[in-house]
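Chemist: Protein sequences appear in the order of chains A, B, C and D.
Read in UniProt numbering, the first sequence has 366 at position 366, and its numbers run on one by one without any break.
Read in UniProt numbering, the second sequence has 243 at position 243, and its numbers run on one by one without any break.
Read in UniProt numbering, the third sequence has 105 at position 105, and its numbers run on one by one without any break.
Read in UniProt numbering, the fourth sequence has 20 at position 20, and its numbers run on one by one without any break.
It should be emphasised that the hints constitute simulated quantities derived from the structure, not laboratory data.
Don't take every hint at face value.
[Said to hold, decoys possible] Beta-carbon label-pair distances, calculated as ranges: (1) D:Asn341 x C:Asp204: 32 to 38 Å; (2) A:Val316 x C:Glu149: 50 to 56 Å; (3) C:Asp204 x A:Val316: 38 to 44 Å; (4) B:Asn341 x C:Asn224: 52 to 58 Å; (5) C:Asp204 x B:Pro220: 49 to 55 Å; (6) A:Leu84 x D:Glu36: 36 to 42 Å; (7) A:Val316 x B:Lys180: 56 to 62 Å.
[As the list claims (entries may be wrong)] Simulated crosslink set (BS3-like; lysine-lysine; CA at most 27 Å straight-line): (8) D:Lys312 x D:Lys142; (9) B:Lys312 x A:Lys272; (10) A:Lys230 x A:Lys312; (11) C:Lys345 x B:Lys58; (12) D:Lys58 x A:Lys53; (13) A:Lys58 x D:Lys2; (14) D:Lys34 x C:Lys168; (15) A:Lys120 x A:Lys34; (16) A:Lys3 x A:Lys142; (17) B:Lys312 x C:Lys345; (18) C:Lys142 x D:Lys53; (19) A:Lys312 x D:Lys3; (20) C:Lys142 x C:Lys345; (21) D:Lys2 x A:Lys312; (22) D:Lys34 x A:Lys3; (23) A:Lys180 x A:Lys168; (24) B:Lys312 x C:Lys2; (25) A:Lys312 x D:Lys272; (26) A:Lys58 x D:Lys34; (27) A:Lys125 x A:Lys168; (28) A:Lys370 x B:Lys168; (29) D:Lys2 x D:Lys34; (30) B:Lys230 x A:Lys142; (31) C:Lys58 x B:Lys53; (32) C:Lys312 x B:Lys53; (33) A:Lys168 x B:Lys125; (34) A:Lys69 x A:Lys180; (35) B:Lys53 x C:Lys53; (36) B:Lys3 x C:Lys34; (37) B:Lys34 x B:Lys125; (38) D:Lys312 x A:Lys168; (39) A:Lys53 x D:Lys168; (40) A:Lys3 x D:Lys345.
Glycine included, each C-beta is placed from N, C-alpha and C at the ideal position.
Number of protein chains: 4
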Amino acid sequence: MKKIGVGLIGTGYIGRCHSIAYAQAPTVFSLNAKLELEYLAEITPELAALRAKEFGFKRSTGNWLELIKDPNVDVVDICTPNFLHKEIALAAISQGKHIYSEKPLALTASDAKEMWLAAKAANVKTLVGFNYIKNPTTQLAKEIISSGEIGEIVHFYGTHNEDYLANKNTPIDWHCLREKAGLGALGDLGAHIVQMAQYLVGQDISSVIGDMQTVITSRPDPNNLQQYCKVENEDQATALVRFSNGCMGTIETSRIACGRKMGLSYVITGTKGTISYSQERMAELKLYLHTDDPARQGFKTILTGPLHPDYKHFCVSAGHGIGFNDQKTVEIRDLINGLANDDMKLYPDFEEGFKVSRILDAIALSNQIKSWVDVSDII
Amino acid sequence: MKKIGVGLIGTGYIGRCHSIAYAQAPTVFSLNAKLELEYLAEITPELAALRAKEFGFKRSTGNWLELIKDPNVDVVDICTPNFLHKEIALAAISQGKHIYSEKPLALTASDAKEMWLAAKAANVKTLVGFNYIKNPTTQLAKEIISSGEIGEIVHFYGTHNEDYLANKNTPIDWHCLREKAGLGALGDLGAHIVQMAQYLVGQDISSVIGDMQTVITSRPDPNNLQQYCKVENEDQATALVRFSNGCMGTIETSRIACGRKMGLSYVITGTKGTISYSQERMAELKLYLHTDDPARQGFKTILTGPLHPDYKHFCVSAGHGIGFNDQKTVEIRDLINGLANDDMKLYPDFEEGFKVSRILDAIALSNQIKSWVDVSDII
Amino acid sequence: MKKIGVGLIGTGYIGRCHSIAYAQAPTVFSLNAKLELEYLAEITPELAALRAKEFGFKRSTGNWLELIKDPNVDVVDICTPNFLHKEIALAAISQGKHIYSEKPLALTASDAKEMWLAAKAANVKTLVGFNYIKNPTTQLAKEIISSGEIGEIVHFYGTHNEDYLANKNTPIDWHCLREKAGLGALGDLGAHIVQMAQYLVGQDISSVIGDMQTVITSRPDPNNLQQYCKVENEDQATALVRFSNGCMGTIETSRIACGRKMGLSYVITGTKGTISYSQERMAELKLYLHTDDPARQGFKTILTGPLHPDYKHFCVSAGHGIGFNDQKTVEIRDLINGLANDDMKLYPDFEEGFKVSRILDAIALSNQIKSWVDVSDII
Amino acid sequence: MKKIGVGLIGTGYIGRCHSIAYAQAPTVFSLNAKLELEYLAEITPELAALRAKEFGFKRSTGNWLELIKDPNVDVVDICTPNFLHKEIALAAISQGKHIYSEKPLALTASDAKEMWLAAKAANVKTLVGFNYIKNPTTQLAKEIISSGEIGEIVHFYGTHNEDYLANKNTPIDWHCLREKAGLGALGDLGAHIVQMAQYLVGQDISSVIGDMQTVITSRPDPNNLQQYCKVENEDQATALVRFSNGCMGTIETSRIACGRKMGLSYVITGTKGTISYSQERMAELKLYLHTDDPARQGFKTILTGPLHPDYKHFCVSAGHGIGFNDQKTVEIRDLINGLANDDMKLYPDFEEGFKVSRILDAIALSNQIKSWVDVSDII
């Protein structure tokens, strides 16, 4: 059995999530290759060593450059803050490594394109961590749409709202700074729902008109709470979109949406039915079919189960529930099995990551010029 | 006790709803004036007579011109299809009658403005049937917003979606024709959610950018199902809006939204909390307060009860439920008590009806010119 | 058209509800007889006069004996506290009047039986105000069960929980006293869910074992809050029941169930599907069919609409909502149309009222003797 | 760091679940001991070898007797069908092994008591897999109850309903046979909700009266579908219970409850508030406080998050969701950390497992003798 050596860079929120998924993926899925947790990089050797022990990696380093050169590392897993994605990815690609990067792929569409083209030229495989599409429930939504059960899609409404910055006294952090994060809510959260829209509708978003606002314009300096620093990117953004086939859509995202803890949601209306979903109830999908007996029409709450994609690997009984880390485990399965098989493409890859960045940039531009923007005009 | 004589024109869907509300309003509310169901007009004397008997009106006519001239009629209640609102209203105003008109007030903002100015000049009172704001639950939402419980509003999301034309085989009717209906989903349904937005946010919508689509472009002729007729107005429309204070908003409306039977809904996000509501569960309001203990935060489902506006008149126990007609009964209470007291203003009146029409026209225009439109530029 | 003269005795909570229903019933339903609000009785002539004016009754009296003798009164509507039902009903029956009584029919099964037999002997029609079964949504449940859609019923779970006495500082009132109310939560609330069980399962409850508890054993005297009075009947009761065909059931009732404002609910499990309902969402029924495609199974939320029983009389659009008073309006329709037609039986009548009282007494007895009781052994 | 060697016997449904939890527990929790997956037993050496590879165990055997004698095995994990629990546990205890057994502990209370006393005498630690109490959401419920937020508990309603045998054509299996399973729905599912009741109320159940029914009395022989075999235990059972402090309760369980996929649920009513929970929405708890402002009362939906027990180890953001296997991972954490520390007691242990079996037997007995049974009279 082929071995796939993983090198993980960054062990904050999402690096920890990756590690939990690495731990359970082989048991859950019986992977097609042997997953080896080879190398882990953090900002200091000490922190790296601590995390390697916690997460089960063989070796560790305070210098990610060593990691990307390591011959036992087949894939570099980038879990750093956004602004480092590009530098690390380009360096790792130049070493011929496959790349598994968190989203958003880069601070700008231009950077994302450079990364995509570099990977393409180097013929390495890439995967971007848009993990919500790996959820069995959302895979079921995709299956229902693809099968034509709800007819042709005529409207997509999607949100990714959270409230992690809803309190105006929360000190500023890197998410609020252009140089570190790029866009604000759009980049951090909007990226997910934009990618979800493309995945579910099965069409690229081709034109957009957006509106954006920084509601809390300054925040306390974490080192001196009496001092206020400028928030440099948007707290909330909305956009009307059109998909390439003419389908209409609306996207909303906010990091100050009081009460939304995991407010990714979608309502997808077709000519024959409608799907409705909220990630806060991640194991249930609501399905309405207009073709039902008119006296028995209604939204049906389907609990994800073993008859739906990937669920049975976690549990053979329906309705027993899947968790946040489980969808990352599906992503890891896709990564490892995809790398195990030379002919298999990973999805969503850097090309898709670039497309998403381009749409986000188009929304930001349309907000500036106050009119619709063709996504293909961006770069 | 003063008498208020009502003359009702039109007895379809909404005229019947008005009549049920007229019947129960005096018992529910102990009105400040005696409500007299004086006169009823329909398209033929026979139908008028039949409906007068059913609905408890004293007299009937097949000619609405007689009704508006009748000295016992104090207020003319216009429940006809949209395209007749203007003619009837102007004629009745010229007779010095107060007007109670269904929405949308007119086919265009221009017509609506003419009606408003005529009423103003004649010093008659006017009321437009935006009945959803009369629901005790939505009045509670207004109370919560006004009291500052959820802080300053930073985002309004509202829909009025239904599926009455979702089936492509449903024959064409007057709703689909420009001359009879004016706008499509926007005029029929969008009017409600636009007015609701203004009521709840407490600010006028000042600029808009909209997108519209006729998905089912032709429908069978009801008289010859093999023959297809062109659908002349939009099936679905979406808009980004800004309120006069800068607050962002999104409006969605559709008449082909599979599964939505009474899909008026809103999510109102403030700096301290959020309100969420769906008219399909018309007696419950969801309220989230970000100021709650972080370990006990969540959306609370409040069942409307006697401690909330107007509910106690229907029932003194909480959670026992109010129905569609009950909110119209509140509207009738506002009408009769407002007419009983010379100093009292009715709301929402023709001025508000005009403002709503102007916003709808602005959305339609923005869709044509593909850029934002200042509402005040319309007329 | 035949005239039906109504004499109403008692105008508290439920008398007011009846009056609202009387007001709207003729418009909503186009009744088969002319409903005349003839006479109203209250404890003083002054209060009676005031209420008659508010509720639209022609005449009033401080002496209900006058009312029951009045030749223009065809049906006596008893809305007094429970302990007066029997005396009034027997007196009115002796005058040959039809009786429309609120529930519970009497303080004991023995009294209820006497009332039923008296009505039967006098050949007058009777109706008991178990209004929740008149709700279009519950009628839909009945229709689904009767049609066999969910197969044979194997389990009934029902509650009627409220929290009107949950606060231990709420002063004592007549509901807590044996002489005035008879049973506590069981009589006031349990009566509804027991009758609902019989209606929906379509079988009589034949044996029971119950448990009861007075949690708050004394309450402040309303006239002297420092003084405490004994609560004489149960705050909460539960029972296992068997229907005559062997079907199992569970009944729960409480007046101290914090958070339940209108907590009548049922879950009815059949061999092919399940129905679930909560009166707090009175216009939606949840239906699960085990015969659905296993990958598309789930509870469907059906919004009551014009294709379901009686709804269309209130509104011709689905999902627009019905209210608490509307189900009473259906009951009034049944009353008036039932009295208009000599061959029509009213339901639920005094016989059913007696059966319910007998079941409640059987539950109370089983609680005392700590073993199952055959309902037919009670009386 | 101490090593804890695990020997797993049985790799069906629940053995697989244990293995997934073993895989992720060290990463999620940074355990206090080194978890070693030492030995795995199955019915044949071949199957054992296959599963050992899939689940990451070092060695395997077709003979569990070898496993329990192995010096590297510190704890024997029993995931076999119910009827083997006793034999294996007693044998393993005689080898001085700690025991981690799935529920129900044994086929009868008598067997369970023998196991408990054997473990006590041998001074080995025991844990029974009542994993639903390990869910962070249910731990939050416990925390709320313990803190007194909802006052004194006055009523517990709990269910564990599923529909895995709802189809009458589903062939018979060991769950339906007395010798293999003991009780039916009560043993398989009821055990969970009975234990949950004791955990949450914080009191033992002291007396019960139950009702039971085998609805589908025979099922096809899986080897010959034309042949029918007798179902030997109950499909559904209900019971009224009293806790040792007098608190009332109701328990319902069924394996033919159409539509319930993971129908463990509870409603716990206190003197100041109420908690409501369904395992099908395993990451949300509904909390009602009667002490809230009366005009703002309602059930609040709390999404489990990092401020609640154990959640933060899975994810540091609220509302991101936990899955079925995650609660087993908490159980593994309790097991390993409990074994790592000599002074720590495991919970729920064999004593609790015995108590649960005794309650189940008491319910079954009460069904036979048709009267209440004191649980302490059982054994």
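Chemist: Taking only the CA atoms, is the gap from Lys53 of chain B to Lys53 of chain C under or equal to 27 Å?
Modeler: With a Cα-Cα distance of about 24 Å, the restraint between Lys53 of chain B and Lys53 of chain C holds, given a limit of 27 Å.
Chemist: Do the alpha carbons of Lys34 of chain B and Lys125 of chain B lie within 27 Å of each other, as the hint requires?
Modeler: 18 Å, holds
Chemist: Is Lys312 of chain B close enough to Lys272 of chain A, meaning Cα to Cα at most 27 Å?
Modeler: Distance ~41 Å between Lys312 of chain B and Lys272 of chain A Cα, so the pair is violated.
Chemist: Does Lys180 of chain A sit within 27 Å of Lys69 of chain A, going by the straight-line distance between their CA atoms?
Modeler: 25 Å, holds
Chemist: So does Val316 of chain A sit 56 to 62 Å from Lys180 of chain B, Cβ to Cβ?
Modeler: With Cβ atoms ~58 Å apart, the hint holds.
Chemist: Hint check: Lys58 of chain A vs Lys2 of chain D, CA-CA at most 27 Å. Holds or violated?
Modeler: Roughly 20 Å separates the two Cα atoms, so the pair holds.
Chemist: Check the hint pairing Lys230 of chain B with Lys142 of chain A against an upper bound of 27 Å on the C-alpha distance.
Modeler: 33 Å, violated
Chemist: Against the 27 Å threshold, does the CA-CA distance of Lys312 of chain A and Lys3 of chain D hold or violate the hint?
Modeler: 32 Å, violated
Chemist: Hinted pair, alpha-carbon criterion (27 Å max): Lys312 of chain D, Lys142 of chain D. Please report holds or violated.
Modeler: Answer holds: Lys312 of chain D to Lys142 of chain D is near 17 Å, not above 27 Å.
Chemist: Does the alpha-carbon distance linking Lys3 of chain B and Lys34 of chain C stay inside the 27 Å limit?
Modeler: 25 Å, holds
Chemist: Tell me if the straight-line CA distance from Lys312 of chain B to Lys345 of chain C falls inside 27 Å.
Modeler: Distance ~34 Å between Lys312 of chain B and Lys345 of chain C Cα, so the pair is violated.
Chemist: Take the C-alpha atoms of Lys142 of chain C and Lys53 of chain D, compute the straight-line distance between them, and say whether it is at most 27 Å.
Modeler: Distance of about 55 Å is beyond 27 Å: violated.
Violated hints, in rising order: 1, 2, 4, 9, 10, 11, 14, 16, 17, 18, 19, 21, 24, 25, 27, 28, 30, 33, 39 and 40; the structure is consistent with all others.
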